[in-house]
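S.K.: Starting from the known structure of chain D, fit chain Z onto it as the hints suggest.
There are 2 protein chains.
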Amino acid sequence: MDQLIEDRVTMALSLDNTTRAELWGRVVDVIENYTTDISKLRIGPDLDPAKVRADLVPVNFDRPMEPAKALEFTLDILMRHQTHVVHPRYFGLYDPAPSAMGVIAETLVAAFNPQLSVWIQSPGAVEIEQLLVRLFGEKFGYDKSKVDGTFTSGGAEANHTALLTALTHAFPNFVSKGLRALSSQPVLYVSSEGHHSVLKAAQSCGLGTEAVREIEIDRDLRMDVKVLSARIANDKAEGLQPFLIVGTAGTTNAGVVDPLGELGDIAAREALWFHVDSAWGGAVVLVSELRHLLSGIEHADSITFDPHKLLSVPRSAGLYLTRHPNILAKTFDVAAAYMPGMNSSEQVVDQFRHSLQWSRRFIGLKLFMTLAVAGWDGYAEVIRQQLSVGEYLRSELERSGWKVLNDSALGVLCFVDRTHDDGALSTYLEAIREDVVSSGEAWISITRLGKSTPALRACIVNYLTRPDDVSALVASLNKARDNHMLHGHRGMNTKE
Amino acid sequence: MDQLIEDRVTMALSLDNTTRAELWGRVVDVIENYTTDISKLRIGPDLDPAKVRADLVPVNFDRPMEPAKALEFTLDILMRHQTHVVHPRYFGLYDPAPSAMGVIAETLVAAFNPQLSVWIQSPGAVEIEQLLVRLFGEKFGYDKSKVDGTFTSGGAEANHTALLTALTHAFPNFVSKGLRALSSQPVLYVSSEGHHSVLKAAQSCGLGTEAVREIEIDRDLRMDVKVLSARIANDKAEGLQPFLIVGTAGTTNAGVVDPLGELGDIAAREALWFHVDSAWGGAVVLVSELRHLLSGIEHADSITFDPHKLLSVPRSAGLYLTRHPNILAKTFDVAAAYMPGMNSSEQVVDQFRHSLQWSRRFIGLKLFMTLAVAGWDGYAEVIRQQLSVGEYLRSELERSGWKVLNDSALGVLCFVDRTHDDGALSTYLEAIREDVVSSGEAWISITRLGKSTPALRACIVNYLTRPDDVSALVASLNKARDNHMLHGHRGMNTKE
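Line by line, the protein sequences give chains D and Z.
Residues in the first sequence are numbered consecutively from 1, following the working numbering.
Residues in the second sequence are numbered consecutively from 1, following the working numbering.
A hint or two may mislead.
Chain copies aren't distinguished; within one or between two, either way the pair holds.
[Stated by the list, open to error] Listed below are the simulated DSSO-like cross-link pairs for lysine-lysine, each with C-alpha atoms no more than 27 angstroms apart in a straight line:
1) LYS51 / LYS144
2) LYS177 / LYS236
3) LYS479 / LYS177
4) LYS479 / LYS40
5) LYS177 / LYS451
6) LYS51 / LYS40
7) LYS226 / LYS236
8) LYS403 / LYS139
9) LYS144 / LYS403
10) LYS69 / LYS139
11) LYS226 / LYS451
12) LYS139 / LYS479
Everything labelled a hint here was simulated from the structure, so no lab data went into it.
From a predicted model like this one, the values you see are computed outputs, not experimental measurements.
If we strip away everything but chain D, and leave its shape as in the complex, we get (with noise of 0.2 angstroms):
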């Protein structure tokens, strides 16, 4: 073989040591800035689809780049067309600052590229997520000896499971006949101000979203338990199947807990299997004051955690937790020739049978090792004083002539003009969105509660958010608010 083209393969994946060690010093350092001076970037980017492609016009792989002039390119595009969610004054969506030791567990994984598929290949990843899922579990209130569980890609492909193995449950043929051989027309129960993923899923799974039976919510937000419960015995006496609720512990919009006592006894009664979606309240459970927001939860079949949400690890880490150890395998079985194992008595779980993918990244090193730093503790303390810096948004909010809507500990704030609480005028709130988010200097988004009250929503999403931050937006807000009086805005619209 010519010595020439190994070596001119060689470099082009895997570059010489001094041009590794330039790259990495450089990557350190930009590292180290954006966690340093992230707070004096603008937040919110110029969203101009022309001017984001015109920016990638110039990339044309038939003409290689330099590592270095790549690596500046892409932080230059990273830099400036990138909603800078790691802010402190984002008060978005649930998109964390990642822990630093996270950071390093995800450079680590895309570095000995560990294949989790079967237990053979990764023994040490795959038993470092199995002891994640036990101890999580037990946090949940699950029998340690019992719980099982997988790392997912995220709230959705966790959500997606849940409706597998309640499939599974329900109907032991699912695997093999499918839904067509069941005798009538499976059906699940979630609140309308549930994450529309189980809409996703239900699609995915061939129920198709009408199965899902969008429960009303009471004046709380919260899923209404006497429609639930009507709804599942006209359900019946139609002759379809229900066979799954769904509780939401901390709704997107609204940080809003269904009433996981009373969906879990409903669902007990009726023989459904009950699932708990706190892929963002779940973190509660490890803050002993809080834990009884989410009372009930012990008794789900199954749960959905994202430690990428409260618990700040770099996305993104989804986890599947049930209290029953056979489920998994038995909605996932499946043999393949090719697939490596062990010759051996002892009990090890190969991940490509126990979840929706098959080879897959190490996804809970990130959390053992920002785990491992915190400690429970620790993570406590970040939980608790997250939700504290929400009570201080809430408590300014209020004092500046805003009226929250919405009644959660969980650090989300939806809130109205109190002065035109009334005519629900939705471009006069996104106008003011729009101010504070061209404003660069804070970003939130907007929601409409029951699919139809229009709202501002802030929400605590990062663990280096403060009160001088909170005291920024509540000024931009204020600002925005008083922009818009002067110049008739909400006028203008009064005939929405």
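M.R.: Same frame as chain D, but now just chain Z:
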């Protein structure tokens, strides 16, 4: 708020700058040493679950570790309890050595933590991925103006996406009404040597594994098109609804490519969706003189391709590509009030409406940065060389009295001992594999071709694998064979 608590909270997750600098110094050293000294490591670890678990017993999250200690603890587990798939003498499943730019990209993704669910959160990231989707679609022969696609967690998710898009295409009500609203059971076709993630996808879509017709293979291990045609006719006669043919371009067992042109013709004639799973083999479209191996793939309705295989980016990176520009939007369209949107007439893609995932990592950056440095030509050379090393392995095996059972250009060899190729003696081959792997000097797997014929399997998965490594593997195989011939292991197992 208590300053002391704030500081503790920051420290628990962010650490201080001195600690971060020390940790990164160590991480960069470790990665450099792992890269340069990998060939000195034992490849396969001691496979004793009890030992791995014993090493994790000291983990106690009630007692946090110092960051440096947590790092060393993790490194120790990773070094000792990991099959070092990055090793050039790892001839196993498709777990490549990761490109240097790929590892750097993953580090940046972790630090910036971009959120790809909606365009406005990460315009740069989304546009980089869309650019790659268009360019790779074009490489596979799609019309650039029509190609669409999405990055996935791997080939399993891409195949799952293929089933869902095929169902949505065939049955427009599938999304809302599900499978039970159809007039009869949909069925699909894949070779019996195809990847079993198709079975898992069928189960996860609610079709059931029995909806998958595993079509017999011909002598060359390719899907038998006559059997396929007969089976389709038979299924139709029985009132079932064929909707999808999955061709495989590079079977996991033996690197075999199905007759894509003929499969495409049958699909067109029968009006079925034609998907090609080229998770592994797809990379040859980047090599002009090998492009013909995948002739016909340009007529596929959709394609699975895993950049984390032959393109050597860190796990995981899958691609689903399609020439139907609206099918992903139809398949995954969901609306959610809490998701931020664009007030713009510009066409942008919100990924949460475009794939199985919701919140998603920036999967494409590692491919973008690696490709930027290697260029199309660099990748072509990498692939060409790996396949030529595979040819060298074939000649070396044959020269040493091994009989190669498969015919593949993709650098995978399935082989038996030529003097004992009669008895299908899997325990004899397993003993040889065990010797090779337990030596720590090389790593191969064992499989069954056509679900019956046992064979040792060695695959060139690493761009750093050189003829020397191949010679070492063959020497190790020869030694193991001699050993078992001498000690009569073969005789012991003739009862099989």
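S.K.: Now, for every hint given, state plainly whether the structure supports it.
M.R.: Against the structure, the hints come out as follows:
| no. | hint | result |
| --- | --- | --- |
| 1 | LYS51 / LYS144 | between (53 angstroms within a copy, 21 angstroms between copies) |
| 2 | LYS177 / LYS236 | both (23 angstroms within a copy, 18 angstroms between copies) |
| 3 | LYS479 / LYS177 | neither (61 angstroms within a copy, 48 angstroms between copies) |
| 4 | LYS479 / LYS40 | within (20 angstroms within a copy, 64 angstroms between copies) |
| 5 | LYS177 / LYS451 | between (37 angstroms within a copy, 22 angstroms between copies) |
| 6 | LYS51 / LYS40 | within (23 angstroms within a copy, 49 angstroms between copies) |
| 7 | LYS226 / LYS236 | within (16 angstroms within a copy, 47 angstroms between copies) |
| 8 | LYS403 / LYS139 | neither (35 angstroms within a copy, 55 angstroms between copies) |
| 9 | LYS144 / LYS403 | neither (44 angstroms within a copy, 50 angstroms between copies) |
| 10 | LYS69 / LYS139 | between (47 angstroms within a copy, 25 angstroms between copies) |
| 11 | LYS226 / LYS451 | within (20 angstroms within a copy, 54 angstroms between copies) |
| 12 | LYS139 / LYS479 | neither (44 angstroms within a copy, 52 angstroms between copies) |
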